Amino acid sequence: MDIVSNQQRKKIHPHKFTMWVAIGSIVMMFAGLTSAFIVKSNQTNWVPVEIPVVFWISTAVIIISSLTVQLALRSFKQREMNQYRMFIGVTLLLGVAFVILQWLGFQDLWAQKITFKGAGAGQFLYVIFGLHAIHVIGGVIALIVMFIKAFAGKTKLYSAVPIEVAAIYWHFVDALWIYLLLFFIIIGGK
Amino acid sequence: MDLWIVSMALFVVSSLLGGLNYISTILNLRTKGMSMTRLPLTIWAMFFTAVLGVLSFPVLLSGLILLLFDRNLGTSFYLSDIVVNGEILPNEGGSAILFQHLFWFLGHPEVYIILLPAMGMVSEILSVNSRKPIFGYMAMLGSLFAITILAFLVWAHHMFVTGLNPFLGSIFVLLTLLIAVPSAIKVFNWLTTLWRGNIRFTPATLFAIGFVSLFISGGLTGIFLGNSTIDIHLHDTMFVVAHFHIVMGVASFFGMFAGVYHWFPKMFGRYLNSTLGYIHFWVTMIGSYLIFWPMHYQGLAGIPRRYLDKRGWVSFNDFPELDKMITIVSIIVFAMQLMFVFNFIYSIFKGRKVTSTNPWGANTLEWTTPIRPGHGNWPGEIPEVHRWPYDYSKDGREFIPQTEPIGENESKH
Ligand SMILES: [Cu+2]
Chain A
76 MDIVSNQQRK
86 KIHPHKFTMW
96 VAIGSIVMMF
106 AGLTSAFIVK
116 SNQTNWVPVE
126 IPVVFWISTA
136 VIIISSLTVQ
146 LALRSFKQRE
156 MNQYRMFIGV
166 TLLLGVAFVI
176 LQWLGFQDLW
186 AQKITFKGAG
196 AGQFLYVIFG
206 LHAIHVIGGV
216 IALIVMFIKA
226 FAGKTKLYSA
236 VPIEVAAIYW
246 HFVDALWIYL
256 LLFFIIIGGK
Chain B
377 MDLWIVSMAL
387 FVVSSLLGGL
397 NYISTILNLR
407 TKGMSMTRLP
417 LTIWAMFFTA
427 VLGVLSFPVL
437 LSGLILLLFD
447 RNLGTSFYLS
457 DIVVNGEILP
467 NEGGSAILFQ
477 HLFWFLGHPE
487 VYIILLPAMG
497 MVSEILSVNS
507 RKPIFGYMAM
517 LGSLFAITIL
527 AFLVWAHHMF
537 VTGLNPFLGS
547 IFVLLTLLIA
557 VPSAIKVFNW
567 LTTLWRGNIR
577 FTPATLFAIG
587 FVSLFISGGL
597 TGIFLGNSTI
607 DIHLHDTMFV
617 VAHFHIVMGV
627 ASFFGMFAGV
637 YHWFPKMFGR
647 YLNSTLGYIH
657 FWVTMIGSYL
667 IFWPMHYQGL
677 AGIPRRYLDK
687 RGWVSFNDFP
697 ELDKMITIVS
707 IIVFAMQLMF
717 VFNFIYSIFK
727 GRKVTSTNPW
737 GANTLEWTTP
747 IRPGHGNWPG
757 EIPEVHRWPY
767 DYSKDGREFI
777 PQTEPIGENE
787 SKH
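First to last, the sequence lines map onto chains A and B. When you read off a place in the first sequence, starting at 1, and then add 75, the result is the number in my numbering. When you read off a place in the second sequence, starting at 1, and then add 376, the result is the number in my numbering.
Any given hint might turn out to be false.
Derived lysine-lysine pairs resembling DSS-like cross-links, with alpha carbons at most 27 angstroms apart [as the list claims (entries may be wrong)]:
| # | chain 1 | residue 1 | chain 2 | residue 2 |
| --- | --- | --- | --- | --- |
| 1 | B | Lys642 | B | Lys770 |
| 2 | B | Lys770 | B | Lys408 |
| 3 | B | Lys408 | A | Lys91 |
| 4 | B | Lys642 | B | Lys408 |
| 5 | B | Lys408 | A | Lys86 |
| 6 | B | Lys700 | B | Lys642 |
Covered stretches of chain B, going by a simulated chain A footprint (3 or more residues, C-beta under 8 angstroms) [said to hold, decoys possible]:
| # | segment |
| --- | --- |
| 7 | 464-473 |
| 8 | 702-715 |
A few chain B residues that don't get close to chain A, going by computed Cβ distances all over 10 angstroms [what the hints assert, rightly or not]:
| # | residue |
| --- | --- |
| 9 | Met377 |
| 10 | Met384 |
| 11 | Leu392 |
| 12 | Leu403 |
| 13 | Ser432 |
| 14 | Val435 |
| 15 | Leu437 |
| 16 | Phe521 |
| 17 | Ile547 |
| 18 | Ile575 |
| 19 | Met643 |
| 20 | Gly645 |
| 21 | Arg646 |
| 22 | Ser732 |
| 23 | Trp736 |
Keep in mind that the hints were calculated from the coordinates and are not lab data. Computed from a prediction, not measured in an experiment: that's the story for all the values here. Ideal Cβ positions, reconstructed from N, Cα and C, are used throughout, including at glycine.
Same shape as in the complex, but just chain A:
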C-alpha cells in the first residue's frame, strides 16, 4: 500500500474525491425533483405557496453554521484544539437548530391548511425541504461523531481529512438549501 499512498500526496485525497462524487449524485436527485416541480408548475390547477418567514431564519442559521465549520477546520489545522472543540460544538447546535426551524416551518404551512392533498408547490415543498432536512440530519450525525471524538482525547487526532470531508458536505447542504429556497421563491412563490 505504500506505493499507492506515496503517489497520492500530490493528488486529491480519495475520501474527499468520493465526497464530491456523492455530492454530484445528491445534486442529480434534487435536479430530478426540481425539474418535476417545473414541469408541474406549467400545468393547470397549479397552486403556488408563500414561503413562511421561519425559513428565512433557518437560512441565516445554516449560513452561520457554514462559517463556524470553516473556523473549526482552521483551528484544527492550527492545532488550537480548544477552539476547534468550541466551533464544532457551535456548528452542531446550529445544525440542530436548523432542523428544528424547518420543522416549525412545516407546522406553519400545515396550519395554513396546506396539507398533503393535491400536487401544488406546497406538497413539493414538503417533499423537497423534507429530503433536504434528512441530508442535514445526516450531517448532524457526522458532527456528533466528530464532537465526541474531539472530547474523548485518548487518541490524538492528526489527520484533517475527516473534518475537511465533513466541512465540504456541510457547505454543500448549505448551498443546496439556498438554491432550493431561491428556486421556490422564483418559480413557486405567490
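With chain A held as given, fit chain B with the ligand onto it using these hints.
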C-alpha cells in the same frame, strides 16, 4: 407495492455506494505506472457504468419518493382521475407522464449499466483469445464515453406515443440514432480484433463472439424503434420484446457468461467443464435466435406484447404454431442454463485444477496473483505497471504482461 418501492430505494442506495467506490478507486487508487490509458477496457467499462449509475439512479429515487407520497400520504403528483374497483380515488391534478420522465431518465442509462460491463469483458476476452492487441483502444474509450453521454439524452424515445410533443420527439430520434455511431465503432473494433487472429475457441471466446453477433442483431432493430414514426406501428408489439431481449437481455448474459468462463479459474482455482461449456454455448446461441427472431415478424404483423393467451382475439391469434415453437425452445434453453448452474457449482469443488497462475496467457494484473490469492491479492508489494494490457504477438512474443518493463530494443505499439 410499497415494500417494493422501499426495496428499490435500498437497491438505489447500495448501487450508489458501490458506484462511488468504483469511481474513486479507478481514479484515485491505481497502482504505480497504471496510467488511465493503461487500464484494461474491462475497468474502463466498469468506470463508465459507475458514472451512469451514480448520476441516473438518484433521479429514479426522487421519482420513487414522490410515488411513495402519492400512495401513502394522499398527494397527487402522478395520480389523477383514477378508478379502482369502481371507486374514484380522491387524487386530482397529477400527471402520470411525470413518472414516465423520471423513470425513463434512469431507464435508458440502466440499459447501458447492464451492457457496458459486458462490452468491457468482451473486449478483453476477444483480445486475449485472438492473441492480438485490441483494435482501436482509444476509439473503444471514446465510444464508451460517447455512449455514456448520449445515454442521458435519449430517455424520451420510450415515450413517443404518450402524447409527447412531436417536435421534441424528433430531437430524441436524432439523439437516439446517434448512438448507432459509437456502437458501430465498437462492433468494427471487435471484428478487426478477431480478424486474422490466432483465435483459441474457448467457451469464453465463443460467448464473446456470440455477444458481438447478438449486439449487431439487437442494435439494428434499435434503429427501427428509435424512429418516432415507425414507433407508431411498432410500439407495444412483439417487435419491442424481440429487440430489447436480444440486445439487452441475451447479449448482456452472453457477455456475463464469457466473463464467468474466462475468470472462473481466477475465482476458484479450477476450470469450468469445457464440454458442457460448448453445449451451453451452442444450444443457447441457436435457441436465443429461434426464440427472438420470429418475434420480429410477429411484431411487424401487429401482435401486441404482454398477452398471456391470444386465443380470445382472432386478429392476435395468427401464429399459434410459431408461439408453440418459441415456447418449446424457451424451455430447452432454460434447461441449458440449469446445466450451466450445475457446471458452475460442480466445478467449484470438482473441476480440473489450475496449475499455472496465468492459464490463458493474459497480460492483465489479476493473472500475476497466486492461484489462490490471499488477503490483498499479492503476497508482497503491489506490482508496478510498465505497459498497456494488450501487447499480444509483439516482437515475436505471444504475450508480454503489464508488469514487464519496456525492453531496450522494443518496438512501439
Ligand atoms: Cu432507451
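Hints, verified against the model:
1. B:Lys642 - B:Lys770: Roughly 25 angstroms between the alpha carbons, so the hint for lysine 642 of chain B and lysine 770 of chain B holds.
2. B:Lys770 - B:Lys408: Given that 27 angstroms is the threshold and the Cα spacing comes to 23 angstroms, the pair holds.
3. B:Lys408 - A:Lys91: Status holds; Cα separation ~21 angstroms.
4. B:Lys642 - B:Lys408: Given pair lysine 642 of chain B, lysine 408 of chain B holds - Cα atoms ~23 angstroms apart, limit 27 angstroms.
5. B:Lys408 - A:Lys86: Within the cut-off at roughly 14 angstroms; holds.
6. B:Lys700 - B:Lys642: Violated, at roughly 41 angstroms.
7. 464-473: Per the Cβ count (5), the hint holds.
8. 702-715: violated (count 0)
9. Met377: Non-interface label on methionine 377 of chain B holds, nearest chain A Cβ at 18 angstroms vs cutoff 10 angstroms.
10. Met384: About 14 angstroms separates methionine 384 of chain B from the closest Cβ of chain A, which puts it past 10 angstroms; holds.
11. Leu392: Its Cβ does come within 10 angstroms of chain A, the nearest being 6 angstroms, so this is violated.
12. Leu403: Non-interface label fails for leucine 403 of chain B: nearest chain A Cβ at 7 angstroms, not farther than 10 angstroms.
13. Ser432: About 7 angstroms separates serine 432 of chain B from the closest Cβ of chain A, which leaves it inside 10 angstroms; violated.
14. Val435: Check fails; 4 angstroms does not lie beyond 10 angstroms.
15. Leu437: Violated, since 6 angstroms does not exceed 10 angstroms.
16. Phe521: holds, 17 angstroms
17. Ile547: holds, 17 angstroms
18. Ile575: Non-interface label on isoleucine 575 of chain B holds, nearest chain A Cβ at 37 angstroms vs cutoff 10 angstroms.
19. Met643: holds, 24 angstroms
20. Gly645: holds, 25 angstroms
21. Arg646: holds, 30 angstroms
22. Ser732: holds, 26 angstroms
23. Trp736: holds, 27 angstroms
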